[in-house]
Amino acid sequence: MALPQRKQDATDTRLAAVTLPNGSAWLTKARNAALGRVSVMGLPARRDEYWRFTDPTTLVDAAAIDADVLPIEDNPEFSKNDALRVVFVDGVFDAAASDDLSLAGVTMTRLSQAEDITWAADLLGTLEERGQKPVERPLAALTTAMATDGLLIHVTGQAERAIHIRYDRKNVGADVSLHHVVKLDAGTTVTVLESGAGAARFASNMEVDVADGAAFHHVRAQGRDHGRRMNTHIFTRIGEGSTFKSFTLSVNGAMTRNDCIMEIVGDDATAHVSGACVGDGEGFHHDDTVFITHDAVGCESRQVFKKVLRNGAVGVFQGKILVKHGAQKTDGYQISQSLLLDGDSQFLAKPELEIYADDVACSHGSTSGAIDEDALFYLRSRGVPHKTATTLLTLSFLAEALQEIADEALAEDLRDRLAGWLDRHQH
Amino acid sequence: MAVLDVDVKEGVDQETVDAVAQLSGAYKYGWNDDEIEMDYAPKGLNTDIVELISGKNEEPRWMTDWRLSAYERWTGMSVPNWAMLKLADIDFQDLYYYARPKSMEVKPKSLDEVDPKLLETYKKLGIPLSEQAILAGVEGAVPDEGRKVAVDAVFDSVSVGTTFQKELAKAGVIFCSISEAIREHPELVKKYLGTVVPPTDNFYATLNSAVFSDGSFVYIPPGVRCPMELSTYFRINAENTGQFERTLIIADKGSYVSYLEGCTAPKRDVAQLHAAVVEIIIEEDAEVKYSTVQNWYPGDAEGRGGIYNFVTKRADCRGDRAKIMWTQVETGSAVTWKYPSCILRGDDSQGEFYSIAIANNMQQADTGTKMIHLGKRTKSRIVSKGISAGKAQNTYRGLVSMHPKAKESRNYTQCDSLLIGSECGAHTVPYIEVKNNSSRVEHEATTSKVDDEQLFYCRSRGMDEEEAVALVVNGFCKEVLQALPMEFAMEAQALVAISLEGSVG
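Protein chains in written order, with this note's numbering: chain D, 1 to 427; chain G, 1001 to 1505.
Hints listed in this document are in silico derivations from the structure and should not be mistaken for laboratory results. Take the hints with a grain of salt, since some may be wrong.
[Stated by the list, open to error] Okay, the calculated beta carbon distance ranges per label pair:
1. D:Pro385 / G:Arg1225: 52 to 58 Å
2. G:Gly1223 / D:Lys387: 50 to 56 Å
3. G:Gly1223 / D:Arg46: 29 to 35 Å
Cβ coordinates follow ideal geometry from the N, Cα and C atoms, glycine included.
Pulled out of the complex, with its shape left as it was, chain D reads as follows (with noise of 0.2 Å):
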């Protein structure tokens, strides 16, 4: 079908200023797959039903806008964990302060150096094409495209510590595009951590595809410039009796969008996916957006969403659970909520249901609204100072959404950070 026309020129207009990286044979092919995805799709615009709540003009232009950078924190996020670290400044690799690439249990390789790898050329691309149905991502098929570098993790036994992959950045003006791919075989573990603002304009894709009984542990940190941009994709593909849990924590940022798209192919799998936000100010604007598939009978699947937002901050969620034919025992659960500290914020939500198994127990809720006056008398009548009140009530809002951290270092070192957020954010 043709696209409208304003849609088409928009769409022309941009690819015209696209240059492909240069790579290996298999990959040159992949990005052209990709690329040719986006010219049938066209790019996304406010008009489209899942940019209804959030404008994509800034991700979608040629050029990107120009962000602030703000210094690197002395204690920068999981700086504590002994995880394995990789740096990317304004999306170039930075061997000096990265770990050396290898570590029991996985096998690590950089996109930009791939060679003929079978297994990431069997891949790359595949997850985020499976995921354009029955929604549409352009945005993911461009970033697939367009991707410089990335992380090519082949997890082949329980890997020895966490990769941390940290965003680091210097430029004012960087438009940055990676994409990684992890494969993990049956039974294997691994845990990755990514954290930082990346870049004035950040795309990022990661692929994930879960074997039978696997384990994928995911924790990030969205850097605190106030005027980055990004959006992020997830695509996942989950296996039987396998677990894939990943948790976002978002402070600041002009725009964020990160999509979260997983698809529950193996019985008696779980899928966790959550976050955590919070915003200050008209300039911040986060959109959460998720979309699971049940393909299979006896799994288990969680979104939990926390948005706090102040000074006309707005939020917004998307989340789908569609229950396929057949995927009976199904446990879809959703909840997302906002704490609205003032009357100028914005919570926009759609939360959906769509279930074609009657043995299914699908819930969800929404709910939004200021702090519970109740509790901030009561907090107050024992001599709490209001401001602490206040940071003591809207921690425990989100503490929901932090409980879905496994490790409880990684969950406590977030927390802190949103501790000091809040009592920076106070008046």
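Please arrange chain G on chain D, whose structure you already have, making use of the hints.
Positioned in the frame of chain D, the structure of chain G alone reads:
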């Protein structure tokens, strides 16, 4: 009783299955009166047809122009495709846009002169004889005492008669067909028509604006409590016709009215189109209850025929403390596309939406509501129960929007779905837009999280969790049924003798 041949999930009791099976049986209202002579306009739609419909209703020029501009607009619009509905393309040029029983052309003097087939139709519909005379347009017919529901029946495209007009007139209430209102009360029609659902609103509403042939008009003057319930009865009879009725209800300051709407259609192999518009204006302190039992022909078990029901219903609470309550029991139609909405403009105004939607066999329903909170301290409540069986698809689609100025507003939404059999689908697509923080919005679609406080109370009284949930959910279901006026409650209860055990979000 037909036996429903499905694997039933544990926890769904036999009563539920039987009730659904009964509904899936032969369509009770499915006779068609082929012998009734109909007067058709030619097939298809163009400006001539619009002019012709307007001419047949003896409309003033401003009305004709209003229609023509809607038609102009419609030609540039495309069919909306966002709903979760799979349907064949409708050829809008292959429909009759106007059909009326021939005997209506000249008013009969007594029942003897009325087309006996038309009388037969009324009898099958269960309308008392004395009212039949009025409905058939017999001059000077007087209604019985006792029965206090004023009826306006719309047969295919035209209103065939309104009962109790005189008694209503005593109270100052105007209840007549919209074509009559355009002629007799142009000032009211001009002032209100299209102000809630503008002619440009959406594809089907715009089509309706261009070609609506009749419908009902209600005006309740300030301070008047309408002495009886008002009822409209819609029936599609002719083949290949679209029924496009337009209802306009105005509740002036401090007034009250309860309005009932019922619908049936004959069995046809070909899908028939129904695209109605209902506009309700509620002024300060006024209250309107609008109840629908929609029982259009749903098509057969293989999905042949049935009504395509595309309806735009909207109430505008213009004044402070205005109140609207929509109650719907949707059991018919092959396709339902319907979102009765509330614009809560006045401060402290209230909107309520209670819905039971049952879809069976190949039926598809995409229905829900919109609550648009504009005024301060506005309240809305949505209770939706969707039940799917056979190969049906049932979607709740709703919007709750809290505007920045709608301070201290409240919304509570509860959607429950029940699936019977493994071939059907139940979907929920709520849109929630909150733009101020003093408002509270709660959306729940789970039995285990119905209302924690109520659950906690029951638990504290010694009930186990399941008992407590059953009690609370039962209470909600009752609420939908109780929201119906007596007139409809019995019929609805027969249609919805369904327990909510084992319901899922």
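Hint says 52 to 58 Å; check whether the CB-CB distance for D:Pro385 and G:Arg1225 agrees. This hint holds: roughly 55 Å between Cβ atoms.
Go ahead and decide if the range 50 to 56 Å is satisfied by the Cβ distance of G:Gly1223 to D:Lys387. 53 Å, holds
G:Gly1223 paired with D:Arg46, Cβ distance criterion 29 to 35 Å: Taking Cβ atoms as reference, G:Gly1223 and D:Arg46 lie about 47 Å apart, which means the hint is violated.
Violated hints amount to a single one, hint 3; each of the other numbered hints is respected by the structure.
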